[in-house]
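One letter stands for each residue in the lines below.
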Amino acid sequence: MSDALVLDGIRKTFGEREAVKGISFSVKEGEIFGLIGPNGAGKTTTLRMICTLLEPTSGTIRICGLDNRTESAEVRKIISYLPEDAGAYKDLTGRQYLRFMAGFFTDGAEFDAVVDKAITLSKLGDRIDSKVSTYSKGMTRRLLIARAVMASPKLAVMDEITSGLDVMSAFEIREFVRELARNGVTILISSHNMYEVESLCDRVAMINHGEIVLSGTPSELKEEYGAANLEEAFIKAVSGVKG
Amino acid sequence: MNHLLNITKKELRELLTPGTIVSILIVVVMFSVLGSAMSGESESEAAPKEIGIVYDGTNGFDDVIYDGHNLGEILQAAYYSTYDVNTIDHLHLMDSDPTDKAAIAEEVKNKGYAVAMVIPSNLAANLGAKTQTNVQMYYNYVQTGIFGAASSVTGTVFMNSVNDTLEAYLIINLGGSLPFTVSPLVNDHDYTMVNGKICEGITPYEISATLIGQTMLIPIIVTMVIVIVGSIVISSMGTEKENKTLETLLTMPIKRTVIVSGKLMAAAIMGLVYGACYMVGMMMYTNGLTSGISGSSTDLSEYGLTMDPLDWLILLVVLFLAIFSALSICMILGAFTKNYKMAQTMTLPISGLALIPMFVLMFSSWESLPLIGQIGLFAIPFSHPMMAMDNLMFGNIILVVEGIAYLLVFDIIMILITVRIYNSDILITGLDQSKFLGKLTARFAKKETENEHS
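Just so you know, the sequences run in chain order A and B.
Going by our numbering, the first residue of the first sequence is number 19, and it counts up by one from there.
Going by our numbering, the first residue of the second sequence is number 11, and it counts up by one from there.
The shape of chain A in the complex, shown without the other chains (with noise of 0.2 Å):
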């Protein structure tokens, strides 16, 4: 399998405050990759410089073999991204919303296909046709995660899919992520959530003060520090402890 997505020596830096500190982390084509970290780590940004919203201060970030500086109108067509908490435009039913959202990756005949792909895998029924304003914050990310795969992109980036969803909604989702992975989407996700991680990734990265500390797939990183969990294997490398 060839990779997908390659960071070499990404550093991000506001003003003074040096954001992401030069990380390097390769995602394998087909692969549910986790950025995983505590709030500030530094996850967030770089998925964003992945997605080109944000400019990297210095190295380089391939997207199937495209530089996404240099070729970010080609790196858009493939890649679709899923901010946390993202929402859709409260005055449009959900079919309205993805037929606005298609209309930017495809037309004619192939538009209609793409849409009722989206419709279907938003698994909203009827409610396709409400608007968005009247749904639970589950079925919005039902339609916001079709929106996020209906282009077939090769890399789909998902920040925090699962946050503030009760127990039923994350795992419907995290469902349907396995499920697009196995339809050969390579999909990044960046969580807070170890034990989420833990059971959807193939491989993770933990990031910390901008900084990746250990990665590996999570079998191997829990082996490594003699851990039980992600979480326990996480505090192990911040602490510098090994199992």
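By construction, these hints were calculated from the structure, which means they are not laboratory data.
Heads up, a few of these hints could be off.
[As the list claims (entries may be wrong)] Take a look, some chain B residues computed to stay more than 12 Å from chain A by CB distance:
#, residue
1, D198
2, T258
3, I414
[Unchecked claim] Only part of the chain A face toward chain B is listed, based on derived beta-carbon distances under 8 Å:
#, residue
4, F43
5, L72
6, I97
7, D103
8, A104
9, F122
10, D134
11, K135
12, I137
13, K141
14, F189
15, Y243
16, G244
17, K254
Note that CB positions come from ideal geometry on N, CA and C, so glycine has one too.
Got chain A; can you put chain B on it based on the hints?
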């Protein structure tokens, strides 16, 4: 701590953001500047005026009119009762021939007289014969907003004062019958110089009353449109940021300039729709308001005061460029908003920028402003559509063309700044990540912590 005090303090802390404080200060400064300007304008209107007198009697002001009193004495007494200034220095015997209308009008304009009164040389004979004397009044119409009628008022008041002065003598000494005793002088014709052309039978009051709709209407409509489109754009950005839909939109495979243009287009269309609706509504309101004002229905096209199709086209161009300026400024302000609440505050600077020229042009005019005022007014892009209609009607085309050139340059600079900002990190991070503001905030937070500990 008292709960009410606790909640009040929290609310105030949230409401009194740096943006709110700056906006409040702008409004305070704006109204104090406007107050000074308006006070200066009304003081200047109330101040003694220079009045020209055309009289071809043998000895000018020294001609004896009745019972040993000469013309100068009567005019001085009338001026004293009008302005409470007992001097003849403000009354000027003019050089022009009483029959040469063009020369009189030109002299009035060139010497800056508020009004000129043409008094025939047979005034003394008429008074002796207890016959009314016909005089003519000459004005130079100057655009001064709602004070545009001031020179007619000066003429009417002065004429009445002269009549009052004469009446007192005539009733007591000569006797006589109506209408001679109450109006020994009769104004049988008005001449007003407009655009260098003498308009016969019309006073500045009548011109001003007819133009009042436009004088008041255009600045109000332009202000409303600018405030509305500004609010639409900034609120749209605030809502997008609050709902995090902007981040999603910015990762779509489209150029950011397309996103900016789309927002500008939608706001411009809404602005034009609002503008058209307000225009119709305000015209109906103004027609209702002015229909009872005498002289408000004068047909100014007879005097060349009309807008031809080219003038309307130019006005539309100026309006479009000004709306575009407003939108560009709002797009820049919108980039710094974090949420809908902050967006509401951000609209205040744009409202202030629109209100300044609106008030200035309602109560004053370009011509009556000092140089620094003219520079300030010219620099505000929204002044130009407010001034354009008057300037086009009164032939000040150079000012309109200069305004268009300025708006073009202003818009190009604003677009370049907008594109620069929308291609930068600021759109996502706001000003929070700015080096300067970061230091400022850190210092402020440190000071607050120290205060809490102490």
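Satisfaction of the G244 of chain A interface hint, Cβ to chain B closer than 8 Å: Hint on G244 of chain A: violated, closest Cβ of chain B at ~39 Å, above 8 Å.
Hinted contact D103 of chain A with chain B - closest CB pair below 8 Å: It holds, given that the least Cβ distance between D103 of chain A and chain B is near 6 Å, below 8 Å.
Closest C-beta approach of K135 of chain A to chain B relative to 8 Å, hint status: For K135 of chain A, the interface hint is violated, since the closest Cβ of chain B sits about 18 Å away, which is over 8 Å.
12 Å cut-off, C-beta based - T258 of chain B kept clear of every residue in chain A: 6 Å, violated
D134 of chain A as an interface hint toward chain B, with CB separation required under 8 Å: Check failed: Cβ of D134 of chain A comes no nearer than 20 Å to chain B, outside 8 Å.
Hint check: 8 Å Cβ-Cβ cutoff, K141 of chain A to chain B: Violated, because the Cβ-Cβ distance from K141 of chain A to chain B comes to roughly 20 Å (cut-off 8 Å).
L72 of chain A as chain B interface residue, shortest Cβ-Cβ below 8 Å: 5 Å, holds
Hinted contact I137 of chain A with chain B - closest CB pair below 8 Å: This hint is violated: I137 of chain A lies away from chain B, its Cβ roughly 18 Å from the closest one there, beyond 8 Å.
I414 of chain B non-interfacial with respect to chain A [C-beta, more than 12 Å]: I414 of chain B clear of chain A: closest Cβ-Cβ about 35 Å, beyond 12 Å.
Non-interface claim for D198 of chain B, where every Cβ of chain A lies beyond 12 Å: 67 Å, holds
Hinted contact K254 of chain A with chain B - closest CB pair below 8 Å: This interface hint is violated because 32 Å lies over the 8 Å limit.
When the least beta-carbon distance from F189 of chain A to chain B is tested against 8 Å, hint result: 24 Å, violated
Against the hints set out earlier in the document, violations occur for numbers 2, 4, 10, 11, 12, 13, 14, 15, 16 and 17.
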